[in-house]
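Participant: Sequence:
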Amino acid sequence: MYIPFENLPEESKIWIYQSNRKFSDAEFSEIETALQSFLEGWAAHGTSLESSYQLKYNRFIIIAVNQDVQAATGCSIDSSVEFIQSLEQKYSVDLLDKMNVTFKLGEHIAHKPLIDFKKMVKDKAVTENTIVFNNLVNNIEEFNESWEVPAIDSWHSRFF
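To convert a position in the sequence shown, counted from 1, into this note's numbering, add 327.
It is worth saying that the hints were derived from the structure and are not from the lab.
Don't take every hint at face value.
Computed list of lysine-lysine pairs in DSS-like fashion (alpha-carbon distance at most 27 Å, straight line) [unchecked claim]:
1. 417 <-> 439
2. 417 <-> 445
3. 445 <-> 431
4. 349 <-> 439
5. 383 <-> 340
6. 417 <-> 383
7. 417 <-> 349
8. 445 <-> 383
9. 449 <-> 417
10. 431 <-> 451
11. 425 <-> 446
Work out the full structure, taking the sequences as your base and the hints as a guide.
Facilitator: This is the structure in structure tokens:
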């Protein structure tokens with residue numbers, strides 16, 4: 328059951344999927360329609376999941392579920408991953424590779440393989456103050472507080 332993102336409690340579980348390329352506005356509009364439809368029918372053991380999403384920067388898909396109402400289970404998580412895989416195929420993008428880093432270079436959102444990001448650190452092309460997207464956050468509260476942060480304040484700090 329879809330509900331507005333801002334109506335979910337802060338402890339709601341989230342999953343963040345980052346695209347290896349920017350989606351067009353038309354693609355993002357299609358994805359939004361597909362997401363809404365998917366979430367309307369998303370269930371765990373026959374019980375609807377109180378869930379929502381956010382789309383950010385034409386690059387990120389954030390799915391959230393209120394675990395206090397009904398926890399997402401293995402099968403429901405599998406179905407969400409299958410949904411994300413269907414988006415990967417339809418739009419020829421990579422949304423599941425966790426070995427990539429997305430960060431801000433001025434107003435531009437850059438996306439690099441981890442090895443390239445490490446090289447950029449070594450070459451001082453990015454610094455401890457570079458804003459990175461910490462996709463390891465687990466819930467809405469962490470998302471609001473720690474998703475877009477200076478690299479030094481995230482798991483990326485190990486490279487400096």
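Participant: Output the numbers, in ascending order, of every earlier hint that fails for this structure.
Facilitator: Of the numbered hints, 2 and 9 do not hold.
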